[in-house]
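> Please arrange chain U with the ligands on chain L, whose structure you already have, making use of the hints.
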Amino acid sequence: MASETVTAEISHSEASPSVMVPRSPAYQAYLRALKRRAYAIQAWQVGLLVAFLIVWEIAPRAGWVNPMLTSYPSAVARTFMAMLEDGSLLMHTWVTFSETVIGFVGGMALGIACAVALWWSPFVHRVLDPFIVVVNAMPKIALVPIFYIWLGDVASIYAMAIAVSLFVTIIMLYTGFSAVDPDKIKLVRLFGASRWQVLSKIVLPSSVPTMISTLKVNVGLALVGVVVGEFQAAKAGLGYLITYGSQIFQMNLVMTAIVVLAAISSVLFICIQALEAIVLRRSGR
Amino acid sequence: MITPAMRTEPVVAIRDVVLHYFSPDRETLALSNISLEVSRGEFVAIVGSSGCGKSTLLSLISGLIKPSRGDIYLEGRKVSAPSPRAGYMFQKDTLLEWRTVLDNVLIGAELLGLDRRAARQRAEDLLRRYGLGEFMHSLPHQLSGGMRQRAALARTLCPDPDLLLLDEPFSALDYQTRLALSDEIAAILRNEQKTIILVTHDIGEAISMADRVIVMSRRPGRIKVEHHISYPSAGPQRPTPFEARKCAEFAGYFQTIWDELDIHEMQ
Ligand SMILES: Nc1ncnc2c1ncn2[C@@H]1O[C@H](COP(=O)(O)OP(=O)(O)OP(=O)(O)O)[C@@H](O)[C@H]1O
Ligand SMILES: [Mg+2]
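From first to last, the protein sequence lines stand for chains L and U.
Residue numbers for the first sequence follow my numbering, so the first one is 1 and each next one is one higher.
Residue numbers for the second sequence follow my numbering, so the first one is 1001 and each next one is one higher.
If you are wondering where the hints come from, they were derived from the structure by calculation, not from laboratory data.
Worth double-checking, as some hints may not be accurate.
Stated by the list, open to error - Straight-line Cα separation of at most 25 Å, DSS-like style, residue types lysine-lysine; simulated pairs:
no., chain 1, residue 1, chain 2, residue 2
1, U, K1066, U, K1078
2, U, K1066, U, K1092
3, L, K186, U, K1066
4, L, K186, U, K1224
5, U, K1224, U, K1066
6, U, K1078, L, K186
Extracted from the complex, chain U is given alone in its bound form:
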């Protein structure tokens, strides 16, 4: 049941999180004092140079690793282990090559001990909606890169998480597929009313898809600035990512964030 209090309470709350990685030869301060709140239904993109701790932040939110200091709350509860409320999608599709597409999508339900029949129904439904209906019983190697990534999305969505963590989900694809797929996925996700945190290197992808873009500093990662993105010139409706790229505001956001990332210094 969703109470009014839950509606206003952030889905994710990160409070003063610090993370050190230890290895025999060094200690790495990956994140220093990150605080962030994401409210229900929001689409947040995180951009930052390579190695600034973006993936680390997602791993923390997912409960795969624990912060060295500070706390993370998912729907008001402190995160201590992975929860089915959060779905995590990686850069690689990590489909299991020995399972059919359908069985890949069902692995979450299998491990979480969800009702088989209902899960199967939902999985088939998702696959059909993403144009994979005919490929349900194929093995992943028979699918193209874009299809594999859609299958991975279906796998993430099958246990019906409220929060989606996307770690550069399009970066392994070619440019055209990437544009087409980000349009599709943006539509799917807005439709399902998910809360989304997207990590990306691609400024265009971030500002065309997200409501809010968070720019991280270089290591140790801190939140440098954040931008609320809107496209008044496109009318009251949020434009699709593809249309957003053509809006007047796009170039301005792009330039600002480009400057903030200090990409030229990096090389």
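If we strip away everything but chain L, and leave its shape as in the complex, we get:
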């Protein structure tokens, strides 16, 4: 019988001392089962995507749906490559991407400032609370034409991105600020902390997890705002490609823009997740 070498990992985490722990066969089997399951899940995800593409390719060819309406993945891919080569795709993607990031950062900064102001003055909060709730419930998309008239084609897109995310941000952050452990505030007050110090030493650091969940919500919302803004006003950007493509009945163009939008939102989401992992690990949460 071959005696199997038992592998053991050395942990470098601070809390647990570095000791070699031999793994029992049952534990190894458990780990293998975990891994198999993870692979199976990934395989299914890839499989579903491929199946979707296949059905999409076959359905119009087989005459089940009108190819004018749906296009095919292969045609979309050709358009994609052509636009990539002539540089137009990158240009449009960059326009939308930068508008989204700027709108997102702007909305976040403005939202934090407003939430801090509301936290600072409970009276102002009581006065403004119903207005914020109502405005938040309103469909901001309805403002697109007004913003266009007021602000012109460029500024209205940023304004839309900010408008869509601002009020949710304020509400989420304010709720987070008011949920901060009152004992922690008492603690710093005992050391004579000013209101500003209560904010900077306790309220803001305590609210980091809330800020990150707000970021997650806002990435998606800012993208919605930008695309809708582009529908109305823009001469460039993915939202513009979508309206233009549908006007000239070029579904390849529309689908290409949509695919790139999906890619942008994935990239932004992955960035936020990485940020979350770093911040939460650093702060021990």
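Just chain U with the ligands, lined up with the frame of chain L:
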């Protein structure tokens, strides 16, 4: 400088203090006519049923809230705002989870604008003495409950207060840790010659640690009786809390205070 007058003058003097809490639906009389003096180096425990105003009394002494009537003096000066002369430790450790243990201990010095270097020296010193030397740069979540509470004690002691206000500091811990930690903390505090006011639900904890136990009545809180605690059977030295629990006098004090608390009526 400590003058002879300061030596005899009480560290804390509470004179006819009344406290009402106001909320939109009611007015609560939390404390009615409390008078109390605590002299330098004394260890006083306050026991009383839940809601009788023990925490309120500590908040008043710390200067976090102001009395509706009456006055409170800390080292002869009227209390109007929190002072670094008084350290306050809560039931929960309230360590800030985003700061290392050392930075948690230093928050007082940071906010009070004390000398950074000296404070850091003292903080490291305290942490090493409380067995947290290796964990100075860890985050609080890597510590056990007892270690967290010791870190919170170090934080309270770092700005070197003369008076310590302890609000059920052990109640979040399991029984064993609690016994061990109260022994440790009693030793630390007697060593540092602090004046201590300890609030607790636990009669055993009060009589094993304190020189004087104050029993409060139910709301509105008044001082019902006070007991001077001593253990002649253990010899001239004050026994540690753990030993005190085994002394002949312990059971007697326990029974008396138990009866005075009317705990059976409460349920
Ligand atoms: N901020 C507040 N507003 C209104 N009433 C309060 C407030 N804080 C405390 N009270 C009331 O005052 C009374 C005394 O409260 P306190 O917290 O001092 O009691 P306690 O003796 O510390 O109780 P426990 O042993 O449960 O900690 C309670 O009846 C409580 O409901
Ligand atoms: Mg209390």
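> Each hint should be assessed against the structure and marked as holding or not.
How the hints compare with the structure:
The straight-line distance between the Cα atoms of K1066 (chain U) and K1078 (chain U) is roughly 11 Å, inside the 25 Å bound, and the hint therefore holds. About 23 Å separates the Cα atoms of K1066 (chain U) and K1092 (chain U), which keeps this hinted pair within 25 Å; it holds. A distance of roughly 14 Å separates the Cα atoms of K186 (chain L) and K1066 (chain U); the hinted pair therefore holds under the 25 Å criterion. The suggested pairing of K186 (chain L) with K1224 (chain U) is violated, with an alpha-carbon distance near 29 Å, which exceeds 25 Å.
Simply put, K1224 (chain U) and K1066 (chain U) have alpha-carbon atoms about 23 Å apart, close enough for the 25 Å limit, and the pair holds. In summary, the hint linking K1078 (chain U) to K186 (chain L) is supported, as the alpha carbons are separated by about 20 Å, within the 25 Å threshold.
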